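2 protein chains.
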Amino acid sequence: MENKLYFQSLVSNEIEAVESRMREQAKYHHDDLQAALDILIDSGGKRIRPNITLLIGKMFGGNIDSLITLSAAIELLHTATLVHDDLIDGSLLRRGIPTLNSKWTPGATVLTGDFLFAKAANLAAETNSIPVMKLFSNTLATIVNGEIVQMFSSHCNSDLDQYYKRIYSKTASLFETSSLAAGIISNIDEEKKEFIRLYGYELGIAFQIIDDILDFTSNQTQLGKPVGGDLRQGLITLPAILFFEEYPNDPNVKEFISQNCLPSNSFINPLIENIRNSNVIQKSLDFAKLHTNNSISALLNLPDSQYRDALEQMANYVTERKI
Amino acid sequence: MENKLYFQSLVSNEIEAVESRMREQAKYHHDDLQAALDILIDSGGKRIRPNITLLIGKMFGGNIDSLITLSAAIELLHTATLVHDDLIDGSLLRRGIPTLNSKWTPGATVLTGDFLFAKAANLAAETNSIPVMKLFSNTLATIVNGEIVQMFSSHCNSDLDQYYKRIYSKTASLFETSSLAAGIISNIDEEKKEFIRLYGYELGIAFQIIDDILDFTSNQTQLGKPVGGDLRQGLITLPAILFFEEYPNDPNVKEFISQNCLPSNSFINPLIENIRNSNVIQKSLDFAKLHTNNSISALLNLPDSQYRDALEQMANYVTERKI
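If you read the protein sequences in the order shown, they are chains A and B.
Residue numbers for the first sequence follow our numbering, so the first one is 1 and each next one is one higher.
Residue numbers for the second sequence follow our numbering, so the first one is 1001 and each next one is one higher.
Hints listed in this document are in silico derivations from the structure and should not be mistaken for laboratory results.
Predicted model only: the values in this text are computed from it and were never measured.
Some hints could be false.
[To be verified] Here are the simulated DSS-like cross-link-like pairs (lysine-lysine), alpha carbons at most 27 Å apart as the crow flies:
| # | chain 1 | residue 1 | chain 2 | residue 2 |
| --- | --- | --- | --- | --- |
| 1 | B | K1283 | A | K193 |
| 2 | B | K1254 | A | K134 |
| 3 | B | K1170 | A | K103 |
| 4 | B | K1170 | A | K170 |
| 5 | B | K1283 | B | K1322 |
| 6 | B | K1192 | B | K1225 |
| 7 | B | K1134 | A | K134 |
| 8 | A | K322 | A | K289 |
| 9 | A | K192 | A | K289 |
Turn these sequences into a full structure, and let the hints steer you where they fit.
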C-alpha cells in the first residue's frame, strides 16, 4: 500500500465509501456485470475527480452523503466513457490491466458501458439537485461530442486552439463538473462557484497536458501501453504540436506529415525519440505549470482552510506526477 | 400522408413539437450528428410512446412544454437504445431503412448512441422533476440489464416467465415510464398514478407480443427484414414458445432444439412456416388481447374524457395493427 498524500488522507474514508457506492450499482443485475464492475473499480487509478469533489464539498460543509453519491456518479460516468473509448480504439490494456473489450464481445462491452451510463445518471439524480443533473448530462454530451469531432476530423491536426478544445472535452470538462457540482451541492454563492469552476477547469487542462507529456517521456511498463501511443494513432498532442512548430524541417516530421500522419514504423520511432529528447518537453511542462498556477490562483480567492491547502497540494501533485 | 387516427389527431401539433425538440439536440454539435439524427427521426415509426405521454398529460392538464420535453427525452432514449441494438445485432435495416451501423464505423455508431443518451438525460433534467429523472435513469438501467441478461443467457430459452421478464425490459418498461412520468409531471395522486402506470405496463406487454407475432405473420416488405428473424437468431418469442409446448414432437422443433436453437436453413424455413400456419398465432393474439384489456380496465378507473377515449382507442389499435 503506497503512502497517502495529505490531500488523500483528508478524504480517504469518503473515497472508500465512493468505491462502495460504485460497486453497489451492479447489485440485483447480471452476475457478469458485477464481475466487470469490480475489475473496472479495482483498476480505477488515482481517483483525482472524487478527491476534488470531496475536498471542495468538505471545505464548504456540504452534505457528505450527497458528495459521496455525486463522486460515485462522476467516477462511474468517467468509467463508462473509458469502456467505450477502449472498445472504439481497440485498446487491449489500460493501466497495464486487460480492458473489458479485450475479453468480451463488442456487444457486451457496448452494453456494459451503457449500463454504467444509466447507473451514473441514476446516482446523479440521487443528489436530488436539478442543476447537478443538468450539469452532469451536459458534461456527458460535451465529452461524447468531443470524441465525435476527433473521429470525424482530419488527421494531422496540429492547431493549438483545437488541441485545447479537445482536452477540454476529453478531460477538463469532467474536472470542472467535479468541482462545480460540489459547490452546487454545498450551496455556495455564485462568485465562489466561479472560482471553484475555474479551479477544476484549469486543473483538468494541466492534468491532460501532463498525461500527454508522459505519453512521450514515460516507459511502456509505467504507461501500460507503448510510448508515443497518441502519435502512433495520428493524434497530435502538445509536445508534438510544439515540436512540429519549432522543427518543421526535421526529416521525420516532414515524412510524418507527408504521409498524412499515418505513421509507418520506419520513422515514427526516431520521431518519438527526437520529441522525447527535445526542449519541447520542458515547454509543454511550462504550459501545464501555467494552468496549475491558474487553478491555485482561483483557489486562493477562497477562505483559508486545511481543505484549501489540500486542493493546492493536489494541483501541484498533478503537475509533478510521473505516472 | 396517411390519415390520422383519433388518438393521433388529439396531439398531432405536440408530436411535431416533440420531433423539433429531438432535432434541436444536435445543434451546435458536429454536422454529421445532425444528419444522423435527422435520418433517425425521419424513420421514427408510430411515436406510440410520445402519444401515450401527451394524451395522459393532457388528460390531467399537465404543463404542455414539460410534456413535450419529457416525450422528446423518452423518444430519444428509445432511439439511442435502437442505435446500439442494431450495432450489436449487426442489423442492416430497420423499418426498411439502412441502419446507422450499416453506413458508419462501429466507433461512430457507439458514440452517436452515447450522444443520444446524453441528450435524452439532458431533456429529462429539463422537466425539472427529480422523480422523473430517477424513473428515467432506472428505466435505462432496466432496458440495458435486460439486453445483457439476454446476451449472456443460454439460447433455447422457451420459459414463459423469462419471456415476460424480457419483454418488460425491452419494451414495457419504457411504455410504463411514458405513462407514469406523464402522471408525475401532471401532479396526480398516487392512486391515479398506479392506474396510469398499469395502463402503460400492460399496453407495452401487448405491444411487444404483437410485434413478436408480426415477426411470423407479416412479410419481408412490411417488416423491412426477413420473416421469423427472431427465431433465426435463436430468440424464442411467444408464438414459438406456445408452438414448442403444443407440438414437442414436430420434427423441425426437435431438430431446432437438438442443434441448440442455432438454426440451419434446412429446417428453419419449414419451422417458421408451420408456426405461421398453426393455432399458436391465434393463441398469441389472445395473450395480447388479455393485456390490452387489462390496460383498458386500468384506464376505466380514471375520469371519462376525450383523452381517455383516445388512450382506449390506442390500446385497441396496438393489438389490431398489421405492421
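I'd like to know which numbered hints this structure contradicts. Please list them from smallest to largest. When the structure is compared with the hints, numbers 1, 2, 4 and 6 turn out to be violated.
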